[in-house]
Amino acid sequence: MTVKRKQSCEICATPPAFPLSGAQFSRRGFIRLGGLGLAGWFAGNAFSESLLHQRTSVAPRLHNTAKNCVLIFLEGAPSQTDMWDLKEGSWTPSGLAPTTFGDVRWPHGILGKTSVHLDKLAIVRTGLAWVAVHPLAQRWTQISRNPAGVLGNVAPHIGSVVSIESVSSRRDSDVLPSFVALEPARASAGYLSASNAPLTLRVNPTPGAIATMTHRDGALRLDERLQLLSQLDPDRDGALGKAASDFGALYDGAAKLTKSPEMASVFTVGTTDFQRYGKSKFGAELILAKQLVAADRGTRFVQATYTGWDDHNEIYGKLVPRCTTFDTAYAAFLDDLAGTPGSTPGKTLLDETMVVVYAEFGRTLGPLNVQNGRDHHQRMSIVFAGGGVKGGRVLGKTNDVGDAAVDYGWSLERDIRPEDIASTMYSALGIDYTTTRHDDPLNRGFEYVPTAKDGVYQPIDELFA
Amino acid sequence: MISGWILAATAAACPFPQHFQTAHEIQSQVSKVAEAVAPSGRHRAVAPPVPPPIVYPSSRSFIDTEIFGKMKLARIVPAPMSSDTEFLRRVTIDLAGRIPTPNEVNAFLADTSADKRDRIIDTLLASDDFNDRWTLWFGDLVQNIYDASSVGQGVLNGRSPYYHWIRDSISGHKAYDAMVRELLTSSGDQMAAPASNYFVRLYQENGPPQDTFDNIATQSGTQFLGLPMMCVSCHDGVGHLELLNRGMASVKRRQLWGMAAFFSGIGVTFQTQGAGGSFVITESNGTEYRLDTTTGNKTSRQPSTGGSDVVSPAYLFGGQPADGENRRVAYARLLTADPQFARAAVNYIWKEFFGLAIVEPVDNFDLASTTQATHPALLNELATYFQQNGFDLRALMRLIAQSNAYQLSGRYGGTWSEASTPYFARHYPRRMMAEVLLDALYQATGRHMALNVVLHGAVTKAVATPDPLAFVNNGYAQGPFLQDFGEGDRDSNPRSQDPTLLEVLEMLNDRQILDGIATTNTLVGSLLSAKKTPDEIVDQLYVAALSRHPIDSERQTALAYLNGGTLSDRAPDLQFVLLNKLEFLFY
Chain A
1 MTVKRKQSCE ICATPPAFPL SGAQFSRRGF IRLGGLGLAG WFAGNAFSES
51 LLHQRTSVAP RLHNTAKNCV LIFLEGAPSQ TDMWDLKEGS WTPSGLAPTT
101 FGDVRWPHGI LGKTSVHLDK LAIVRTGLAW VAVHPLAQRW TQISRNPAGV
151 LGNVAPHIGS VVSIESVSSR RDSDVLPSFV ALEPARASAG YLSASNAPLT
201 LRVNPTPGAI ATMTHRDGAL RLDERLQLLS QLDPDRDGAL GKAASDFGAL
251 YDGAAKLTKS PEMASVFTVG TTDFQRYGKS KFGAELILAK QLVAADRGTR
301 FVQATYTGWD DHNEIYGKLV PRCTTFDTAY AAFLDDLAGT PGSTPGKTLL
351 DETMVVVYAE FGRTLGPLNV QNGRDHHQRM SIVFAGGGVK GGRVLGKTND
401 VGDAAVDYGW SLERDIRPED IASTMYSALG IDYTTTRHDD PLNRGFEYVP
451 TAKDGVYQPI DELFA
Chain B
1 MISGWILAAT AAACPFPQHF QTAHEIQSQV SKVAEAVAPS GRHRAVAPPV
51 PPPIVYPSSR SFIDTEIFGK MKLARIVPAP MSSDTEFLRR VTIDLAGRIP
101 TPNEVNAFLA DTSADKRDRI IDTLLASDDF NDRWTLWFGD LVQNIYDASS
151 VGQGVLNGRS PYYHWIRDSI SGHKAYDAMV RELLTSSGDQ MAAPASNYFV
201 RLYQENGPPQ DTFDNIATQS GTQFLGLPMM CVSCHDGVGH LELLNRGMAS
251 VKRRQLWGMA AFFSGIGVTF QTQGAGGSFV ITESNGTEYR LDTTTGNKTS
301 RQPSTGGSDV VSPAYLFGGQ PADGENRRVA YARLLTADPQ FARAAVNYIW
351 KEFFGLAIVE PVDNFDLAST TQATHPALLN ELATYFQQNG FDLRALMRLI
401 AQSNAYQLSG RYGGTWSEAS TPYFARHYPR RMMAEVLLDA LYQATGRHMA
451 LNVVLHGAVT KAVATPDPLA FVNNGYAQGP FLQDFGEGDR DSNPRSQDPT
501 LLEVLEMLND RQILDGIATT NTLVGSLLSA KKTPDEIVDQ LYVAALSRHP
551 IDSERQTALA YLNGGTLSDR APDLQFVLLN KLEFLFY
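From first to last, the protein sequence lines stand for chains A and B. Everything in the first sequence is counted per our numbering, starting at 1 for the first residue and increasing by one. Everything in the second sequence is counted per our numbering, starting at 1 for the first residue and increasing by one.
Treat the hints with care, as some may be off.
[Said to hold, decoys possible] Computed footprint of chain A on chain B, listed as stretches where at least three residues anywhere in the stretch have a Cβ under 8 Å from a Cβ of chain A:
#1 373–386
#2 427–434
#3 554–563
For the record, the hints were derived by calculation from the structure and aren't laboratory data. All C-beta atoms, glycine included, are put in the ideal place defined by N, C-alpha and C.
Could you put the whole structure together from the sequences, leaning on the hints where they help?
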């Protein structure tokens, strides 16, 4: 197994030589909002008393249509204008095979299998990242706030918030952790307890079981060993301090998980599925994601990360095969969720699971750069399916180039921000995204979704209507 | 990359509270104590309540004076002193990156001399294991890596020569400031002149040269001064950083350019001769840092209206090249003479010994803050000591390890308040870092590691890997174990000590554990085949894993278990339990 993350421009701040124009992109606005510049501006407003006060007067709109959420994160930032918001030009290779489905032009050559599921998809084309710096934006999307802001260092991942919100509804039989990350996420539990951290699994591009989920010497043996451990380790009461007792507190859950024989199949990638999902690591991730939510044993939030989309050079040579890999796995995943009964009679697992295809930002538009690639761009598309989302639609419209929005596609008449996406996921799961917790270590109040400078962030209600 | 590094490093679950008591809060507590004990004017005849006396350890140096002095002001009770075995384990892990051997434990226990702790510190400082452990530390600091995301060429063949340069410097007692000066002034082929890998690592392949110069300024400023220079590499601090770092809020982007201009003569080329080719660092005098870019990885660099497009080299806190002085030599001179250079370094080292630095986060000093440092005077005294002792890392570590503050027990006894953590009122047990933990597992279970790292050679312990992904990239099962225990990648994923469910699952189920408790090629296997008695087995497993002998109650419980069934089944169970005791993982 090799872990190689190729990002040839990790410190990139903004897309080079991109004409920023239009109302949303006044030069002055760009200078203030671009790059890392948002930090102080944002932090300064996010915690103003008056805003917090106003905030509490806004009634949350909880759609409560989903039990689970699967976040598919395409790390590195895919080219939205070659995929979800196709803009054809002299640069478009024939392999993309643009095809018309209703009102939608679709790169059938690279997303052909997904096209079968267009009736299930709602494509949001007016997403706009705050920054175009990989690590910053990756973390931003996953903690739904500015990582360089005051609470950025301690903020939990969205999945960890879902985890702490599901504590009260967990059953004794729920042996799976609430939040599972397939390949590492870009944030963890933050200041929340370690029980809300993702169970992070490194996934192999092969069928088979994840070894650490079962005790090689048998569950009985493990029981005896743990019994002896409880006799010989009095330090579990906290005698060695908080770091040690936090670690020790995870043993019960780990043992329960290991000792549940029926869980072995959840963590095993079957040969037939592996074939059907395209024989890739990403395919294996989605197989595990499917099994985790289908098991209904406590997992509510899964992040499946697919790395390597940072195509600064020779984009089409890489994007075409990568999209094919994505397409095969994603289409099979939607097939399976839609074909699996949910826990409520008459509903499918897809009805109960919101699936979000997301990334940290998008890529530059129009002709390719001098290296035949595309650089970083804040404009992006986000694709929703299931969990109460009405499919077969495109929300928002970008101009011919693909930079500015000509129709925002939702009632707020502005670009859709990562915080709005987080609100959408929370709302679908029935979690009050306007919650402010008062248990954060900085004693500032931790808002699930921070207060916006202009109005509030809110769910994209149009997805559900 | 550095922003990710900083962010994640600070987000990494530091077990300690994020806000510390301010001097004002402490003062108000002190005055409350004073009120409680002061005789009231109207009740002179009544004996005042006498607070119980708190006994503080004596002062071996200014470290103890500062640490116990502050605790005394706040009337915080310190933990007792560590036992011999607790101390030996801690100091061996901290200085040498490994747990003590049974022989070392027994010899230390048998030694009755009064200065045995000082002597073991000196022994460890002189050991070869020390060189491995602190090469790893310096490699983390400068992010020596095989495959850097900013360098599109991909393979940094210089990784191993760079590793050996660091190790030779550490083992050769090279002063810390001399190491940094050598890096900052290096040129040449990365294979033949390995210090030049410092610049190769910071090369921004897909941007204008100014991107690379800025990387060097931001990284060297962050690594060696502990300042978050990344923030001002795209914009001024004003209007952005007031709530985050007031010191940096007044720094302008132009000042970052002034720092970067010291490196404006640097050129990076790739030559294809030899296996895989290599990068070459050159320097041409007279090349200026120009404000003439609109592309690349930073916002545009353009002169102010009517201003010059040339930025002259200027050190952040004042200073420029002397007449005829090479720019990089000037930068290295100014940087290493800066008091903040020593402050940042001692703060890093302190954290390695205490788990919590005096200024947190270590790479985000706020020079305008009066409350960020828990012990501001101590920080300055340590920095002065370091500087006056020729930036000798061993001298600094000796002083720290000898202090009574460092030698407090990790077990507190009374009721512990987390608010006492930043007073260093107990030694706060930390989880062994990934590499040390893996090596400790091997050592405790009597296994031997022999892995071959491509383009490097044989490695017999994880602490001696040249880079964090070396085992992963070579396909060894030990690699994912290290990664899952937060080893990081010196690129976009920082080292992490967060407790995770996966780590516990690995302690229960991973091959690295279960192979160690098998009965072949293991300590427990050899004890069984040598027909050792249950009593001997208990004792030897305890000493090997926990660096101490079992106490009576432990011995009885363990013996009862071993005698309750087949010994060859149950001895491995005991080995498993000892590896999973929190005392094994946390020290």
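Among all the numbered hints in the text so far, which are the ones the structure does not match? Violated: hint 1 alone.
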